[in-house]
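Peer 1: Sequence:
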Amino acid sequence: MKLYGDGDQLHLITSNLMLTYTIRREYSDIERMLAVVEEALADFPEAMGLAYYTRMKVCEDRGEIEEAKKYAYLSLEQFEQTNDEQIGKALINTAHFEFLTKNYKKAAELLLTAIDKLIMHDYFMLIAVKEYVKTLVRLKEYEAASSLIEKHLPPAQDYPELHGKLQLLYSIAKETPEYAIKVCENDQLDKEVRYMASKYLTSYYSVKDDSDSVLKYYKLGRMLSNNRNEFHEGDL
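Its first residue numbered 1, the sequence shown is counted upward by one per residue in the numbering used here.
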């Protein structure tokens with residue numbers, strides 16, 4: 001006999017395990033767990049949303065982008081039955097795969113909705129803003145991107161990595177090295193963000209035919225890199 005609360009307890013246990021497996025990218029036992037979740041917790045939208053999210057991450061790590069996008073939308077359908085924070089995060093995920101498949105206008109639409117849903121959740125709202133700015137840059141809507149960055153740079157200071165990425169995107173949108181240089185010189189930031197800034201600056205000064213600066217930021221990029229290749233704003 002199923003006791004009251006059994007489903008909630010199973011949901012908590014499996015949710016923690018799925019998140020752990022996803023973070024560690026340990027997928028060997030994940031299929032068995034997902035089968036349990038999808039059978040036992042079919043009436044729990046949050047559990048099903050997380051199950052589809054986990055399938056999404058597995059597919060993405062395997063390079064199966066279209067399949068990952070399918071699961072992102074299935075996850076969104078489930079989370080739409082929960083709360084604004086979960087919906088907003090799921091919208092960011094779907095927009096990510098629309099961006100990867102070059103559907104930039106669709107990605108922008110999803111991210112605008114995500115920003116609205118996450119208005120009471122500063123950190124995740126700023127992630128949505130950063131993703132939206134990245135999409136605007138890809139759409140060559142540089143003025144809109146710059147205005148949005150200017151509005152959100154002050155609150156983003158509470159989150160150094162996000163702040164650094166917004167600064168780098170601001171350099172790209174304004175076609176000026178100033179903000180990317182600040183990112184490079186901030187040794188408190190994660191190496192990956194500083195690496196991306198160095199690659200942008202190498203490219204920027206190459207176009208300007210400034211060989212000294214090209215060499216400077218190329219060397220910095222080599223120092224910060226872990227066998228990375230070219231920089232694209234999509235990596236931000």
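A couple of the hints might just be wrong.
Derived PhoX-like pairs (lysine-lysine); straight-line CA-CA distance at most 20 Å [stated by the list, open to error]:
| no. | residue 1 | residue 2 |
| --- | --- | --- |
| 1 | LYS219 | LYS208 |
| 2 | LYS105 | LYS70 |
| 3 | LYS174 | LYS140 |
| 4 | LYS70 | LYS102 |
| 5 | LYS216 | LYS182 |
| 6 | LYS140 | LYS182 |
Note that these hints are calculated values from the structure, not bench results.
Peer 1: Now look at each hint and say whether the structure bears it out.
Peer 2: Evaluation of the provided hints:
| no. | hint | result |
| --- | --- | --- |
| 1 | LYS219 with LYS208 | 18 Å, holds |
| 2 | LYS105 with LYS70 | 18 Å, holds |
| 3 | LYS174 with LYS140 | 11 Å, holds |
| 4 | LYS70 with LYS102 | 15 Å, holds |
| 5 | LYS216 with LYS182 | 15 Å, holds |
| 6 | LYS140 with LYS182 | 23 Å, violated |
When each numbered hint is compared with the structure, a violation occurs for hint 6 only.
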